[in-house]
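Q: Okay, here's what each chain looks like letter by letter:
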Amino acid sequence: MNRRKSERNISLVVIGGSAGSIPVLRKILSGIKPGLRIPIIVCLHRMKSVSEGIQEVLSVNAHIKVMEPEDKEELLEGRIYVAPSNYHLLIENRRTLSLSTEEMVNYSRPSIDITFSTASIAFRQELMGILLTGANKDGAAGLEMVKLNGGLTAVQDPDECIAPYMPRAAIERKCVDLVLPVDDIIKLINRTSLTRPPATCF
Amino acid sequence: MVKHDPEKFATLFEDFRKKYRVDFSGYASASLNRRIERFLSIHHFVSESEFVEKLLSDHLFFDLFIKEITVNTTEMFRDPECWMAVREKVLPLVTGYPGIRIWHAGCSSGEEVYSMAILLKEEGLYDKVSIVATDLNRDVIQTAMSGTYGRKSLELNEENYRRAGGRFALSDYYSSNGTSYTMNSELLSRVKFMKFDLSSGMPFSKFDIIFCRNVLIYFNKGLQENVFKLFRESLFKRGSVVIGKKESMAYYSDFSAFNEINLQEKIYQLK
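Chain order of the listed sequences is X and G.
Per numbering that gives the first Met the number 0, the very first residue in the first sequence carries number 0; after that it's consecutive.
Per numbering that gives the first Met the number 0, the very first residue in the second sequence carries number 0; after that it's consecutive.
Just chain X, with the same shape it has in the complex (with noise of 0.2 Å):
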C-alpha cells in the first residue's frame, strides 16, 4: 500500500473525554473497521463509585478487544485500552502500559493529561491525540504536550459536543490540527490503521 509523504506512520491513538463522551466513543468504536493495526487507548472521566461495566459498554465491535489493562500490561495492535477508574494511566514506554494512584489532575482520575503527556512522550509523532465532548479543561495540556512532541492533534468539533469545554480549552491553546465531527474522526482513525504498514515493530 502505498502512503502519500505527507501521511504520518500513527503508532499508536489516544482519545480522551468527559461529560457526555460515552456514547460518542461507543459510536466511534463501532465505526472501526477489521483489523485495526494500532493499539488505542481511552481515557474517560466518570464517577468513582462506578468502577464496573465500562468494558461491556464499550464491546460493541466484534473485531476489538476493550480492556481496562492492569499493571504493566503489555500493549498490543488491535486492542483497545480504558484507563481503570481511580487510577492514572500512563505510557511508560512503546511496549508497557503503568498505573498510578497519584493525587487528582484537574479534580481528575484517571487524568487526560497524564495519559496524554506520557504517551507524547513515548510516542512523539508516531502519537495521534483526540479529545471528545467535556466539560473540564483536563486533556488541553495533554494534547498540547501531543502537538509539542510531534504528533498529530484532532478534537470533536465543539458545536456537536454536549460539553464544548474541554475542545474549546484545547482549541484556545491553539495545539489543535483538525477540528473534525465524530464522522471525520472515524474516517481518521480508520485512514490512519488502513494506511499503517503491517507487522510494524511492536
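If you are wondering where the hints come from, they were derived from the structure by calculation, not from laboratory data.
Using N, Cα and C, we set each Cβ at its ideal position, and we do this for glycine too.
Please note that the accuracy of each hint is not assured.
As the list claims (entries may be wrong) - Some chain G residues judged to face chain X by a derived CB distance under 8 Å, without partners named:
(1) Ala27
(2) Ser28
(3) Ala29
(4) Val70
(5) Asn213
(6) Lys220
(7) Lys245
(8) Glu246
(9) Ser247
(10) Tyr250
Given the structure of chain X, go ahead and fit chain G onto it with the hints provided.
A: Using the frame of chain X, we list chain G on its own:
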C-alpha cells in the same frame, strides 16, 4: 526552571544508593520522571548543578525529595471489596494460630494499618497479632504514628468502612478535633513502624500476611520480580499476600508457588 533530563539523572542513582541506601533504578520511569518534573517546578533552583549538589549533600533535602517524588496517596479501606475478602477469606486461615504476624510493606501515612487493626479488633484477633509497618519515607511514618488526618478525607473513609462491612461506626475508632481527626492510639498497641526500602530486597522477618497495595505499580518488572521474591521469602508456609486490585503477580517467575485465594482482589497464598 531547571529542566529534567531523565538519562542524565539516572546516572545519580548509584550515588543515592551508596549515600542514602535508596535505590531508584527499578522505578517505573513514566511516573518517576513526571514526579521529578513536578518537584522541579515547585522548588526553584538556579541551575541543575545546584539541585544535584543539594541532593547529594543535604540529607534533609533528600528526604523531602523522596517524599515528594514517591506517591503517598492512600485511603482507609480503599477498594472495600478487597477488605471484605480479607475479612471473609484471609482471616479465617489464621484464626486458629497462637500468634499472627502481619507486614504492611509500603504503609505510607498508615490508613491501611488502621484499617487492618480495626478489622482485626472486630474479628476478635487483635490481641494475638504483631504488626510491622514499613515505608521508605520517615515523614509519612511520622504521620502514620500520629494517626491524625485532615477532615476532608473523612467522608470517603467513612463510606469505605461501611462498604467494607464494618460492624460499627468508624467514629468509634477516632476522635474529632475540628479540622482533623485522630485515630485511637490503642489501634497501634501491637504495631511497630520501621524505615525499610523494598528495593533492597533483604528479608528481615517472617509473616503470615503481607499487605502491599498500590506500591508495586511504581516499580518496573525487574524490581517487581525482586519484591515478589522478597515476599515469598518473608512468608510462612500458607502465608497470604494482598496486592493492589490492578497489580499483577502473573509476571513473577515463581508464580506457581502461590495459589489464588481471590483473583479479583489479588489475594494469593503461598503453597
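Q: Please go over all the hints and tell whether each is borne out by the structure.
A: Hints, verified against the model:
1. Ala27: holds (5 Å)
2. Ser28: holds (6 Å)
3. Ala29: holds (4 Å)
4. Val70: This hint holds: valine 70 of chain G lies near chain X, its Cβ roughly 5 Å from the closest one there, short of 8 Å.
5. Asn213: Holds, because the Cβ-Cβ distance from asparagine 213 of chain G to chain X comes to roughly 5 Å (cut-off 8 Å).
6. Lys220: Constraint on lysine 220 of chain G satisfied, holds at 6 Å.
7. Lys245: Where the cut-off is 8 Å and the nearest Cβ of chain X is about 5 Å from lysine 245 of chain G, the hint holds.
8. Glu246: holds (5 Å)
9. Ser247: holds (5 Å)
10. Tyr250: holds (7 Å)
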